[in-house]
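Student: As a plain string of letters, each chain reads:
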Amino acid sequence: EDQVTQSPEALRLQEGESSSLNCSYTVSGLRGLFWYRQDPGKGPEFLFTLYSAGEEKEKERLKATLTKKESFLHITAPKPEDSATYLCAVQAPVNTDKLIFGTGTRLQVFP
Amino acid sequence: EAGVTQFPSHSVIEKGQTVTLRCDPISGHDNLYWYRRVMGKEIKFLLHFVKESKQDESGMPNNRFLAERTGGTYSTLKVQPAELEDSGVYFCASSQDLGGARGNTIYFGEGSWLTVV
Chain A
2 EDQVTQSPEA
12 LRLQEGESSS
22 LNCSYTVSGL
32 RGLFWYRQDP
42 GKGPEFLFTL
52 YSAGEEKEKE
62 RLKATLTKKE
72 SFLHITAPKP
82 EDSATYLCAV
92 QAPVNTDKLI
102 FGTGTRLQVF
112 P
Chain B
52 EAGVTQFPSH
62 SVIEKGQTVT
72 LRCDPISGHD
82 NLYWYRRVMG
92 KEIKFLLHFV
102 KESKQDESGM
112 PNNRFLAERT
122 GGTYSTLKVQ
132 PAELEDSGVY
142 FCASSQDLGG
152 ARGNTIYFGE
162 GSWLTVV
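Note that the protein sequences, when read in sequence, are chains A and B.
Okay, so the first sequence: first residue is 2 according to this note's numbering, each after it adds one.
Okay, so the second sequence: first residue is 52 according to this note's numbering, each after it adds one.
These aren't lab readings, by the way, just hints derived from the structure by calculation.
Among the hints, a few may not be true.
The list that follows gives simulated cross-link-like pairs (lysine-lysine, DSS-like), each with its CA atoms no further than 25 Å apart [claimed, not checked]:
id: 1; chain 1: B; residue 1: Lys92; chain 2: A; residue 2: Lys70
id: 2; chain 1: A; residue 1: Lys58; chain 2: A; residue 2: Lys43
id: 3; chain 1: B; residue 1: Lys92; chain 2: A; residue 2: Lys43
id: 4; chain 1: A; residue 1: Lys70; chain 2: B; residue 2: Lys95
Chain B stretches covered by chain A per the calculated footprint, using a threshold of three residues with CB under 8 Å from any CB of chain A [said to hold, decoys possible]:
id: 5; stretch: 80 to 94
id: 6; stretch: 99 to 112
id: 7; stretch: 153 to 162
If you only want the chain A side, here are some residues facing chain B, beta carbon under 10 Å, derived [claimed, not checked]:
id: 8; residue: Gln7
id: 9; residue: Arg32
id: 10; residue: Leu34
id: 11; residue: Tyr37
id: 12; residue: Gln39
id: 13; residue: Gly42
id: 14; residue: Pro45
id: 15; residue: Phe47
id: 16; residue: Thr50
id: 17; residue: Ala90
id: 18; residue: Val91
id: 19; residue: Gln92
id: 20; residue: Ile101
id: 21; residue: Phe102
id: 22; residue: Gly103
Everything numeric in this text was worked out from a predicted model, so none of it was measured.
No residue lacks a Cβ here, since even glycine has one placed at the ideal position from N, Cα and C.
Produce the entire structure from the sequences given, and follow the hints as far as they go.
Tutor: What follows is the structure, encoded as structure tokens:
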């Protein structure tokens, strides 16, 4: 069964303290791995898509990497405005674009 | 360019009543999806439209839920009759169909928060 597990569930960081979020996945064949950011009361906001092992993408203080079993979202020198829930989702090679989500990592960055 | 828009943003109804949620996808997006997040759980897929056709409705929980997309533009999701366990946030999303083996990027709306009392 296709599955996504994110860790940790919650993470508290001091401003400037770099860290990484983990997304482990089990899928029959990966079409894409997605990272989203979600603020309270809002919908998921698209960040990155990764398609194959070894791929990396960056956006401001965020960098996403992908292996055959997991993805990491690295946050370098975070700021309080980076506080949000970060969601990971995978697409499997079936005839729809269905996303399978993890439960997310709730990140809090304190000044 | 407008994103995915959903209406209403919040709804409180009594058990047994009917609620209809509406979604307008990003202009030009043929793919439209409905997802749901219930309290404490992950976001889960409900169904996928390609234009006006249902491509995959494997996530629809039961026959109290009816989704339509007439004309391949906006979509509605009706819950009738609503039960307590239907409470949660319903997200609509859309994507372009770029073809190929790679997954299409899926953009989400702000969600419709449903409370059944």
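Student: Each of the hints needs a verdict: does it hold here or not?
Tutor: Structure-based check of each hint:
1. B:Lys92 x A:Lys70: OK: lysine 92 of chain B and lysine 70 of chain A at ~23 Å, within 25 Å.
2. A:Lys58 x A:Lys43: holds (24 Å)
3. B:Lys92 x A:Lys43: holds (16 Å)
4. A:Lys70 x B:Lys95: holds (21 Å)
5. 80 to 94: That given contact holds, which follows from 6 residues of the stretch 80 to 94 of chain B lying within Cβ reach (below 8 Å) of chain A.
6. 99 to 112: holds (count 5)
7. 153 to 162: holds (count 10)
8. Gln7: Holds, about 9 Å.
9. Arg32: The hint holds - arginine 32 of chain A has a Cβ within 10 Å of chain B, the shortest such distance being about 4 Å.
10. Leu34: holds (9 Å)
11. Tyr37: holds (7 Å)
12. Gln39: Since the shortest Cβ distance to chain B is 9 Å, the answer is holds.
13. Gly42: holds (8 Å)
14. Pro45: holds (5 Å)
15. Phe47: holds (6 Å)
16. Thr50: Status holds, d = 6 Å.
17. Ala90: holds (8 Å)
18. Val91: Check passed: Cβ of valine 91 of chain A comes within 9 Å of chain B, closer than 10 Å.
19. Gln92: holds (4 Å)
20. Ile101: holds (7 Å)
21. Phe102: holds (4 Å)
22. Gly103: At 6 Å from the nearest chain B Cβ, glycine 103 of chain A passes the 10 Å test, so the hint holds.
Checked against the numbered hints listed earlier, the structure breaks none of them; every hint is satisfied.
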